[in-house]
Amino acid sequence: MAKVLMKGNEAIGEAAILAGCRFFFGYPITPQSELLEYMSLHLPKAGGTFLQAESEVAAINMVYGAAGCGARVMTGSSSPGIALKQEGISYIAGAELPCVIVNMMRGGPGLGSIQPAQSDYNQSTRGGGDGDYKLLVYAPASIQEMVDYVQISFDKADQYRNPVLIAGDGVLGQMMEPVEFSSQKATDLPAKDWATTGTDGKRAPNVINSLYLDAEELEKHNIHLSEKYAKMKENEQRWESVGIEGAELVIVAYGTTARIARSAMDNLNKQGRKIGLLRPITLWPYPEKAFEELDDATKHLLVVEMSMGQMIDDVRIVNEGKRKIDFVGRSGGVIPSTSLVEEKILEILERSE
Amino acid sequence: MDCESFGAKKMPKNTSRISVIVGHYGTGKSEMAVSLAMKKRKEGRKIALGDLDIVNVYFRSREKADFLEEQDIRVVSSLLGHRSSLDLPAISSEIRQYFFNPDYDVILDVGGDKAGTNALVTFREDILSVGYEMLFTVNAYRPQTSDLSGLQLHLEGIEYVSGLKVTGLAVTTHQLRSTTVADVIKGYSLAKELSLKREIPIRYICALPGVLQELPEGMEGEQVPIGMYLREEWM
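Residue numbers (our numbering), protein chains in the order written: chain C, 1 to 353; chain Z, 1 to 235.
To be clear, the hints were calculated from the coordinates, so they are not data collected in a lab.
Among the hints, a few may not be true.
[What the hints assert, rightly or not] Computed cross-link-like contacts, DSSO-like style, restricted to lysine-lysine with a CA-CA straight-line distance of at most 30 Å:
1. Z/Lys114 <-> C/Lys3
2. C/Lys185 <-> C/Lys220
3. C/Lys3 <-> Z/Lys46
4. C/Lys45 <-> Z/Lys114
5. C/Lys45 <-> Z/Lys186
6. Z/Lys39 <-> Z/Lys114
7. C/Lys134 <-> C/Lys231
[To be verified] Each pair of labels, with its calculated beta carbon distance range:
8. Z/Leu80 <-> C/Lys228: 46 to 52 Å
9. Z/Asp147 <-> C/Lys192: 35 to 41 Å
10. Z/Thr180 <-> C/Lys289: 55 to 61 Å
11. Z/Met228 <-> C/Ala297: 56 to 62 Å
Model, not experiment: these values are computed from the prediction.
Where is the CB? At the ideal position from N, CA and C, for every residue including glycine.
Generate the whole structure from the sequences, applying the supplied hints.
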């Protein structure tokens, strides 16, 4: 299929339909409303159901229902909307149901702004809802990668019976890039024998539930979930590293910010510096293994985020005090400039010389 | 303003001091508007750029207001200023004064699709009275405008809502920084089909300067070098 020009939000919609998503429930919010618009126009043509719910809370509970029936289902929103969905997300994770949630992040806290941000890192990776649960969180950095990860997200959601979050931002949702839809589908997914599709009187009913009246039963369930998360941690870490060999400083950044960091890195390397980039693609599980690849020559890590600094905590955990960690970022909907990142790098390197 | 001008759908007078840029969203209207403003300014014209996009707050020409004002191009957008976070249907009436000032060329960057075109309606009578050209962008890589029927659907919708006629086509087919001559010719061929079908001339070919230089001779339409003003270097 030839490349077409699509906005991130539209491309996610198309990729979801191609991945077999047949239900979408959502509520519009800038900067991800085009995902709803796209789904409202195209999902019915594919035999699917689009429904604009009365609220984000209603939408996520509709996702809960469709996922319980074994359908491929998606919802999307932006930061404050995703905050509203947290209760439902926790229920879905507790009931071990597969679904894909898209967050095109905008400035916060509260109603915040409608400009891009990455300040839902903690909400995404720490769980905004209650209980011991984890989401598999992907942070693509281009429209093409976002398209590819929509397919992966649906497959991984089914494989682990777990909600998957695609963490984008306003830039990725609104930006236009050429894309190709040629993602490989997983072929070895488990049968959804847990789905509530009717017993035909031939088997005991399947039950979708996150309520446990017996504390020890719930603890057993939590231990089971933890074991599942441990498997995800072992098998699902993804990252991209560029020029880290012999780098004096490695930038750690994801999504849109990684693109800005990459530009800054290229500019400085042209001037004879040795800067590398480590780009987490999974925010949870955090790509700890990537940090094992870092060179002894690397004395500094610079975390760049469109927030006041949230992922930096994970970098601190993984770093175990080995390297000096600095931070630069903008928040509230302000996009950091390449020159801001370059200046910060030079300041760090000059300080240590 | 003469009383004749109040008739709807009147064919424009033979002047193109007002250039109205319309089309399907994401086809390259704002990038074209800014690049056309730069081109006309370099040719010595006084320019007022009216950003009428009240549909989508991202990637609007007003984002480049500071840069454009440095080039002595007047940018008019919301009456509350150019701030990109203002998601309000508020357009400054200041743009009207440039419609009636013969020293100025006016470029109107209209929001995408029929929805975006609604904002144009409030200025229709003024635009009709002064005369205008309305340019419809043709981007063959946008899925909804990649064939003749898709283009016609959008063109008709925009004409219906605006009460104005599309008078020229603008080829804005691209693949960002990797655009080739073949990409532009693909867009041009599609625009030519539309041009023949609707009897609307191809008015502009918009592309990266390097690509424009390589285009074959004899293509219809004036060249507009695209400056990629709305894309940061990392995009």
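Structure-based check of each hint:
1. Z/Lys114 <-> C/Lys3: 26 Å, holds
2. C/Lys185 <-> C/Lys220: 33 Å, violated
3. C/Lys3 <-> Z/Lys46: Violated: C/Lys3 and Z/Lys46 sit about 39 Å apart, past 30 Å.
4. C/Lys45 <-> Z/Lys114: The hint holds at about 22 Å.
5. C/Lys45 <-> Z/Lys186: 28 Å, holds
6. Z/Lys39 <-> Z/Lys114: 28 Å, holds
7. C/Lys134 <-> C/Lys231: The given pair, whose Cα atoms are some 12 Å apart, holds under the 30 Å limit.
8. Z/Leu80 <-> C/Lys228: 46 to 52 Å: Holds, at about 51 Å.
9. Z/Asp147 <-> C/Lys192: 35 to 41 Å: Holds, since Z/Asp147 and C/Lys192 (Cβ atoms, about 39 Å apart) stay within the stated range.
10. Z/Thr180 <-> C/Lys289: 55 to 61 Å: At roughly 39 Å between Cβ atoms, C/Lys289 and Z/Thr180 fall outside 55 to 61 Å, so the hint is violated.
11. Z/Met228 <-> C/Ala297: 56 to 62 Å: 36 Å, violated
Hint compliance for this structure: hints 2, 3, 10, 11 are not met, and every other hint is.
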